[in-house]
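Residue-level listing of the chains:
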Amino acid sequence: MKTFKIGGVHPKENKLSEKSPIKVLALPKTAIIPLSQNLGAPSNPIVNKGDKVKVGQLIAESSSFISSHIHAPVSGTIAKIDEAIDSSGYKRKAIFIDVEGDEWLENIDKSNHLISDIRFSKEEIIAKIKDAGIVGLGGATFPTHVKLMIPKGKKAECLIINGVECEPYLTSDHRLMIEKGDELMVGIQIIMKSIEVTKAYIGIENNKPDAIEHLTNLSKKYNGIEICPLKVKYPQGGEKQLIKAIIGREVPSGKLPIEVGCVVQNVGTAYAVYEAVQKNKPLIERVVTVTGKSVKNPTNLLTRIGTPVSLLLDEAGSLPDNTGKIINGGPMMGKAVNSLEIPVVKGMSGLLVMPEKESKRVPIYNCIRCAKCVSVCPMGLSPYLIAQTSEINKEEMAESHGVMDCIECGSCSFTCPSGRPLLDNIRISKNKVGQIIRARLK
Amino acid sequence: MNTVIIYAVITLSLIGVLSAIILYVIAQKFKVIEDPRIDDVANLLPGANCGGCGYAGCRNLAEFIVKNETLDNVFCPVGGNELLKQIGPIIGKVAIEREPMVAVLRCNGSKTNSPSKTNYDSLSSCYFAHSLFSGEGGCPFGCLGCGDCVNACTFDAMYMDKETGLPVILDEKCTSCGACVKACPRNIIELRFKGKKNRRIFVSCVNKEKGAPAKKNCAVACIGCGKCVKECKFEAITLENNLAYIHFEKCTLCRKCVESCPTNAIWEVNFPERKKKTADSQTEEAIAN
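Just so you know, the sequences run in chain order A and B.
First residue of the first sequence: 0, per numbering that gives the first Met the number 0; consecutive thereafter.
First residue of the second sequence: 0, per numbering that gives the first Met the number 0; consecutive thereafter.
None of the hints are false.
From the structure, some residues in chain B lie toward chain A, with a derived Cβ separation under 7 angstroms:
| hint | residue |
| --- | --- |
| 1 | Thr117 |
| 2 | Asp120 |
| 3 | Ser121 |
| 4 | Leu122 |
| 5 | Tyr126 |
| 6 | Phe127 |
| 7 | Leu131 |
| 8 | Phe132 |
| 9 | Ser133 |
| 10 | Pro139 |
By construction, these hints were calculated from the structure, which means they are not laboratory data.
We put the CB at the ideal spot given by N, CA and C, even for glycine.
Next comes chain B alone, as it looks inside the complex:
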């Protein structure tokens, strides 16, 4: 009776020891040495897997950062500079600070500015509508208002304004991942610098038609007159294909171009209201002179 138990214990222990040795050898042979820093970096990343950095998910970006030990040309738009500062010490590099960006809608063809001439009642998809016609308002460059960008946004930072028929981008939620930029079939949405105190100036139009046909379809279209180009002292505005474009790297937010635009196509965002030239200020100027 006892011998049976003893034999059983001995055999089982032997099998156990043998398996342990085999497992150990195999584990040593096929060991995957993963840099522990990858986990550290991946834990810091937001985990949204939005693809805004250009890599397939957050883990993929973490692997790239650690393997190449670089922070050049790498940017997580969701985490921003703060995040890169935290990642820096892990791989012993310092990231170059980047200006925070935000998505900007470069079309103001609302229902009042560009009234509907036709009615679109087919599938609510900008991609499809774009393949069919120039749009309800008639502008072949403007927003179609079917909300492909809103559907693409994973951060809930956009919604369709029913009154204007245009999407609205919420600055505080936008991470500038660029999903909406890719979703828009007409390339209306652009990533621009967020600007000091969230202040931005941009041409809210992408119409490349000549002045007359552009104006015919939309009251606030850029007609390519070039007044803003002349007004700008910093060479931040260029005119190409009847369309003015403000280079945000050069713009100093002086707001002179906004005043010069005859169609109000240039938009200023988050600026305080302008001081109107009242009688008081005029007298003050007179006294100063």
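So that you can see chain A by itself, here it is in the shape it has in the complex:
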């Protein structure tokens, strides 16, 4: 079975909610829609206090090249445009909508009917994706239309669809593949058309045999789509690791996947592309896994953007008393939230409730030079060394040891027997080196 070559770890999978079907979550009373939901510049609001909006109406425009549109996920009145705490941990600008009913824009097709023939040209598809405000739903939230515009002189050879979901606990992509298989396949074909390739691979780890089987059966109906079962290994969902695992090519340091002729998209993104292009439905909802060992009913919820996370937790059974942390994302790369009022955003793939006992950090001991972190680093770096240079503020040394190649997967911290906060130190270093590099370019 295929997998990537260097490093990697295998944390306990704990896919508690893989059997529970996607449930539609009820609408909130007030939706809070943060204006910066994508990598890059925040969007500019184009509505005012008191305006009536319908579901799917544009409420904030993309402000620069790397930015995206935001649409009203609920219908109602704009209550205010004010600051609200979001997943960044800080208060940032957001649009508050008081929900009234559920009135959709007329041109959105709400039915479940599958439309499989693609009647749009390449340019029309990209324009539609841009208008729908789609961003990468794997977590990085990079605007999808930018990714699909292949730079001049480069040529895409294949499309890779990321259905790996290598983070423990999370199952939103898994459920999507099982329940929306046909739509997903059409979505993939749309993306294939937009970047003019004839071959697409869907990478799925073999801890999801039902998804592999289901999609393999479906792929017979669609041309050029191949399912690639992959050995379970974290961080296989990383772009560079996935390319290496599926087609065996290595993306050069500091370069994008297009350098080796690939475009990588998440399954969630492919589904959103289907809805945007075939059904005119902008990105207003996503599947969020609410899970944790102490949670009563771990579940997958189809949630409108802007719903406070407290509602999601209520749906999964009330918040357990012994909760220590609630993590936005998976346990490896996610970040603890500092308020229960933060809204669901485009990039939120899961909410993980950690009991107090498990959420505590282990005591930190000295580095014993066992080099376990070196052997698990999927980018072939020396995490202990970079962390050390970070501690003594030697940024130029960190740069020469390749800190900017770090994908922040956390395998090093996970595996360290001394419990050293390697990734935290590397992140500091990466931040500072990034600043230095940007200053150098000016």
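Put chain B on the given structure of chain A with help from the hints.
Just chain B now, with coordinates in the frame of chain A:
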């Protein structure tokens, strides 16, 4: 036998003389004339290499002073005015006296004033915590309490107070080199005039939020009400972005603003206790009238 010794002595002496001449010529040719005053100045400087003057180490500052023969815009915060007075005669210039400065912590979000709403257990680094969230107390401008400033201080002039969770600056040790100012990711620490008899008045808050959200997170936040601005007769206080700022160059230390502040965000340091208006003083006033 003798001739061998004589020849050896003569050859060696010749080599010696020749080398001496070559060395002399080379030494003359490549002579580095260094102003002896640089050494004099460098010896006077404290040798802490703290970078507080803006130059890379004490020697670098000494070179600058002697080469440009100026004491304008040059200040060693560690040595202060005393040191500049000593350096003055060496280069024949008189330094303009400067008001001594001291680092001041402009946040009073202690554990009681701004109680923790969340728990931070990650790396003890303000830089990192700042990139993650607004802080345990919830104030996005306030002190994070991880002690980056204390680690940056080379003069042992700071320590973390475990009870309040805030750093404490020791006036007598602080040299106002500014290392802590640069280390703080939230720009809370400021260099201000030390003041007469070490007396200072400053707004101990840097929160730029509006009144209500600021007060929600911290009991002693500046809410930007502007009372102190009205109270000040010397136009030493300005209000910008919901935050009052006392310009220390203009402040006369009259303490009126301190009384006017509704949230006790303005701090007075090293002042004697206020005389309370007792019954005696009131009767005295009545007699005087």
